[in-house]
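Asker: Sequence:
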Amino acid sequence: MNNATETLKRAGKEDKYYTDKKYVRTACGTAYNGVLIALDTYLLLKGIKKTRGRKSIEYYQEQIGKVDKKLLKDVNGAYEALHLSGYYDGILDAVVIKSGFREAYEIINRIKPASEGKE
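The opening residue of the sequence shown carries number 593 in the numbering used here; numbering runs sequentially from there.
Derived by calculation from the structure, the hints in this document are not laboratory data.
All C-beta atoms, glycine included, are put in the ideal place defined by N, C-alpha and C.
Incorrect hints may have been included.
When the alpha-carbon atoms are kept at most 20 Å apart in a straight line, the in silico SDA-like pairs for lysine to any residue are as follows [as the list claims (entries may be wrong)]:
id	residue 1	residue 2
1	662	629
2	690	642
3	642	618
Simulated restraints on C-beta separations [claimed, not checked]:
id	residue 1	residue 2	range
4	608	637	34 to 40 Å
5	657	629	16 to 22 Å
6	640	613	24 to 30 Å
With the hints as extra help, turn the sequences into a complete structure.
Answerer: Rendered as C-alpha coordinates:
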(Lines of atoms letter the chains of each structure in order from A; the text may use other names.)
(Lines give C-alpha, C1' and ligand atoms only; values in the text may rest on other atoms or scores of the structure.)
Protein backbone atom coordinates (compact mmCIF):
# COMPACT_ATOMS: atom_id res chain seq x y z
CA MET A 593 0.00 0.00 0.00
CA ASN A 594 2.95 2.32 0.55
CA ASN A 595 3.91 1.97 -3.12
CA ALA A 596 0.33 2.67 -4.18
CA THR A 597 0.13 5.77 -2.00
CA GLU A 598 3.46 7.10 -3.32
CA THR A 599 2.37 6.49 -6.92
CA LEU A 600 -0.91 8.29 -6.33
CA LYS A 601 0.99 11.34 -5.04
CA ARG A 602 2.73 11.52 -8.43
CA ALA A 603 -0.64 11.79 -10.19
CA GLY A 604 -0.94 15.46 -9.25
CA LYS A 605 -4.21 17.03 -8.20
CA GLU A 606 -6.25 20.03 -9.29
CA ASP A 607 -9.28 20.82 -7.19
CA LYS A 608 -11.00 17.46 -6.64
CA TYR A 609 -9.49 15.61 -9.60
CA TYR A 610 -6.18 13.89 -10.19
CA THR A 611 -4.39 15.10 -13.31
CA ASP A 612 -2.42 12.08 -14.56
CA LYS A 613 -4.49 9.02 -15.46
CA LYS A 614 -1.42 6.78 -15.85
CA TYR A 615 -0.37 7.24 -12.23
CA VAL A 616 -3.93 6.88 -10.94
CA ARG A 617 -4.36 3.60 -12.82
CA THR A 618 -1.03 2.27 -11.58
CA ALA A 619 -1.75 3.29 -7.98
CA CYS A 620 -5.22 1.71 -8.04
CA GLY A 621 -3.89 -1.51 -9.56
CA THR A 622 -1.17 -1.72 -6.93
CA ALA A 623 -3.59 -1.04 -4.07
CA TYR A 624 -6.05 -3.63 -5.39
CA ASN A 625 -3.27 -6.22 -5.63
CA GLY A 626 -2.46 -5.48 -1.98
CA VAL A 627 -6.09 -6.20 -1.11
CA LEU A 628 -5.99 -9.52 -2.98
CA ILE A 629 -2.79 -10.58 -1.19
CA ALA A 630 -4.41 -9.74 2.15
CA LEU A 631 -7.55 -11.68 1.20
CA ASP A 632 -5.50 -14.73 0.20
CA THR A 633 -3.82 -14.62 3.62
CA TYR A 634 -7.18 -14.22 5.37
CA LEU A 635 -8.69 -17.18 3.54
CA LEU A 636 -5.69 -19.36 4.41
CA LEU A 637 -6.09 -18.38 8.07
CA LYS A 638 -9.74 -19.42 7.85
CA GLY A 639 -8.70 -22.83 6.50
CA ILE A 640 -9.77 -22.21 2.92
CA LYS A 641 -7.22 -23.80 0.62
CA LYS A 642 -5.67 -21.71 -2.12
CA THR A 643 -6.80 -22.64 -5.61
CA ARG A 644 -4.45 -22.80 -8.56
CA GLY A 645 -4.18 -19.95 -11.00
CA ARG A 646 -5.94 -16.62 -10.95
CA LYS A 647 -9.03 -16.19 -8.88
CA SER A 648 -11.98 -14.10 -10.02
CA ILE A 649 -13.76 -11.49 -7.92
CA GLU A 650 -16.65 -13.96 -7.74
CA TYR A 651 -14.34 -16.46 -6.02
CA TYR A 652 -13.38 -13.89 -3.38
CA GLN A 653 -16.98 -12.74 -2.95
CA GLU A 654 -18.18 -16.30 -2.46
CA GLN A 655 -15.43 -17.32 -0.03
CA ILE A 656 -15.41 -14.10 2.01
CA GLY A 657 -19.23 -14.05 2.08
CA LYS A 658 -19.21 -17.42 3.82
CA VAL A 659 -17.09 -16.18 6.73
CA ASP A 660 -17.45 -12.39 7.11
CA LYS A 661 -20.29 -10.32 5.61
CA LYS A 662 -18.84 -6.98 6.75
CA LEU A 663 -15.51 -7.75 5.12
CA LEU A 664 -17.41 -8.67 1.96
CA LYS A 665 -18.90 -5.15 1.82
CA ASP A 666 -15.40 -3.69 2.10
CA VAL A 667 -14.12 -6.02 -0.62
CA ASN A 668 -16.95 -5.00 -2.94
CA GLY A 669 -16.22 -1.32 -2.27
CA ALA A 670 -12.51 -1.73 -2.97
CA TYR A 671 -13.26 -3.73 -6.12
CA GLU A 672 -15.64 -1.07 -7.47
CA ALA A 673 -13.47 1.94 -6.63
CA LEU A 674 -9.96 0.61 -7.20
CA HIS A 675 -10.26 -2.12 -9.80
CA LEU A 676 -13.19 -1.01 -11.94
CA SER A 677 -13.27 2.79 -11.59
CA GLY A 678 -9.61 3.51 -10.91
CA TYR A 679 -7.73 0.85 -12.84
CA TYR A 680 -10.01 -0.02 -15.74
CA ASP A 681 -11.92 3.22 -16.27
CA GLY A 682 -9.10 5.52 -15.20
CA ILE A 683 -11.48 7.80 -13.31
CA LEU A 684 -9.73 10.88 -11.94
CA ASP A 685 -12.25 11.85 -9.24
CA ALA A 686 -10.26 12.05 -6.00
CA VAL A 687 -13.29 11.24 -3.82
CA VAL A 688 -13.82 7.91 -5.58
CA ILE A 689 -10.13 6.97 -5.53
CA LYS A 690 -9.68 7.95 -1.89
CA SER A 691 -12.73 5.89 -0.92
CA GLY A 692 -11.12 2.88 -2.61
CA PHE A 693 -7.87 3.45 -0.74
CA ARG A 694 -9.80 3.82 2.52
CA GLU A 695 -11.52 0.47 1.88
CA ALA A 696 -8.18 -1.15 1.04
CA TYR A 697 -6.58 0.07 4.27
CA GLU A 698 -9.62 -1.05 6.24
CA ILE A 699 -9.41 -4.56 4.75
CA ILE A 700 -5.68 -4.87 5.32
CA ASN A 701 -5.86 -3.51 8.87
CA ARG A 702 -8.67 -5.93 9.76
CA ILE A 703 -6.69 -8.89 8.43
CA LYS A 704 -3.27 -7.85 9.76
CA PRO A 705 -3.92 -8.58 13.48
CA ALA A 706 -5.21 -12.07 12.67
CA SER A 707 -2.16 -12.89 10.56
CA GLU A 708 0.39 -11.55 13.06
CA GLY A 709 -0.49 -14.19 15.62
CA LYS A 710 -0.01 -17.02 13.09
CA GLU A 711 3.64 -16.35 12.16
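Asker: Hint by hint, note whether the structure agrees.
Answerer: Status of the hints after comparison with the structure:
1. With a C-alpha separation of about 18 Å, the suggested pair residue 662 and residue 629 falls inside the 20 Å cut-off, and the hint holds.
2. Restraint check for residue 690 and residue 642: the C-alpha separation of about 30 Å exceeds 20 Å, so the hint is violated.
3. Proximity of residue 642 to residue 618 is assessed by CA-CA distance (about 26 Å); at most 20 Å being required, the pair is judged violated.
4. Under the hint 34 to 40 Å, the C-beta atoms of residue 608 and residue 637, about 38 Å apart, fit the expected range.
5. Residue 657 and residue 629 have their C-beta atoms about 19 Å apart, which keeps the hinted 16 to 22 Å range intact.
6. For the hinted restraint 24 to 30 Å between residue 640 and residue 613, the CB-CB distance of approximately 36 Å leaves it violated.
In this structure, the earlier hints numbered 2, 3, 6 are contradicted, and the remaining ones agree with it.
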